[in-house]
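**Q** Sequence:
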Amino acid sequence: MSITVRQASHPDAARAYDTTQLRAHFLVETLFKADSIELTYSHVDRIIVGGAMPVNGPLKLETSKPIGQATFLARRELGICNVGGAGRVICDGETFNVHHRDMLYVAMGTTDVRFESQSHDEPAKFYLFSTPAHARHRTILVREAEANALELGTQEQANTRTLRQYIIPGRVQSCQLVMGLTTLKPGNTWNTMPSHVHDRRCEAYLYFDMKPDTRVFHLMGEPQETRHLVVANDQAIISPPWSIHSGCGTAAYSFVWAMGGDNQDFTDMDMIPMEALR
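Going left to right, the sequence shown walks through residues 38 to 315 as our numbering numbers them.
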């Protein structure tokens, strides 16, 4: 297991970043390595973004110095989305079969978390998103078909999409973690436009199910100081509260969105009028 640490960036500093610096601060390029757990600890709301890809055997989620606790989930909760082949997650001896696009919420205080693939040839790819927690709730698996599905957008605006809410209040109880998945319909390219910010929580996007030559031009930054990052398949964006988070792809794609912060209300966002964007 490897873990890197990133500091939070003030928007005044981010205005001056070049492409290399923007990518270093906000883009997580490598999430999935065979037989490895790759983690990025961000001081933006102290979230952890990562990936586990078991191929030849199970992987165990270990703690490390940045975690500061005897176990990874001693004072954290964890959301897991499988974006690969069928797999299993074993939490303190209880096995959860996590299929493609299923999500698992793992409670604070769980001491032993292990990841397995059901097939060596089609390994699971477990996307991990963790936030600090203050209470223990129930570990629960949510199938794709069980998520709250919203049909959004129009073909005229090239943003027809299905938004699925998995870990949300009323469906899965958590301390602060909120998580779901959005899939654009074929021929659609835009996500989260008109854009918004939410000062009370940060967000991370994992773009996936993209063809090798597909790219998403992810828009970020303050509404009047926008920047962009070119994102490939299985790469993630860390979006601080002051930043918009929108994107336009060269073809349709999916992304896992995950949030952590003060407020779990999904609608708590400040919309940005199109004429205000620069």
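Please keep in mind that the hints were generated in silico from the structure rather than gathered at the bench. Cβ coordinates follow ideal geometry from the N, Cα and C atoms, glycine included. Please note that the accuracy of each hint is not assured.
[To be verified] No farther apart than 27 Å at their CA atoms in a straight line, the calculated lysine-lysine pairs in the DSS-like style are these: (1) K248 to K70; (2) K97 to K70; (3) K70 to K102; (4) K222 to K248.
[Stated by the list, open to error] The calculated label-pair distances, taken between Cβ atoms and stated as ranges, are: (5) Y54 to M308: 23 to 29 Å; (6) P310 to T57: 16 to 22 Å; (7) D55 to G105: 30 to 36 Å; (8) M308 to D149: 30 to 36 Å; (9) R173 to R315: 43 to 49 Å; (10) D49 to I127: 42 to 48 Å; (11) Q261 to T148: 24 to 30 Å; (12) V42 to R315: 28 to 34 Å; (13) P223 to T56: 26 to 32 Å; (14) P249 to K222: 17 to 23 Å.
**Q** It remains to establish, for every hint, whether it holds in the given structure.
**A** Here is what the structure says about each hint:
1. At roughly 18 Å between alpha-carbon atoms, K248 and K70 fall within 27 Å of each other, so this suggested pair holds.
2. Between K97 and K70 the CA atoms are separated by roughly 14 Å; this keeps the pair inside 27 Å, and the hint holds.
3. Taken as a hint, the K70 and K102 pair is honoured in the structure, with Cα atoms around 21 Å apart against an allowance of 27 Å.
4. With a C-alpha separation of about 15 Å, the suggested pairing of K222 with K248 holds against the 27 Å cut-off.
5. A beta carbon spacing of about 26 Å between Y54 and M308 agrees with the range 23 to 29 Å that was offered as a hint.
6. In this structure the hint that P310 and T57 lie 16 to 22 Å apart at CB is violated, the actual value being about 32 Å.
7. Distance hint check for D55 and G105: the Cβ-Cβ separation is about 33 Å, which falls inside the suggested range of 30 to 36 Å.
8. Checked against the hint of 30 to 36 Å, the C-beta distance between M308 and D149 comes to roughly 43 Å, which is inconsistent with it.
9. Between R173 and R315, the C-beta spacing of about 45 Å keeps the proposed range 43 to 49 Å intact.
10. As the Cβ distance of D49 to I127 is approximately 45 Å, the hint placing it in 42 to 48 Å holds.
11. In this structure the supplied range 24 to 30 Å is violated for Q261 paired with T148, their Cβ-Cβ distance being about 47 Å.
12. In this structure, V42 and R315 meet the distance hint of 28 to 34 Å, their C-beta atoms being roughly 32 Å apart.
13. For the pair P223 and T56, the supplied restraint of 26 to 32 Å holds, since their beta-carbon distance comes to about 30 Å.
14. Checked against the hint of 17 to 23 Å, the C-beta distance between P249 and K222 comes to roughly 21 Å, which is consistent with it.
In summary, the numbered hints that this structure violates are 6, 8, 11.
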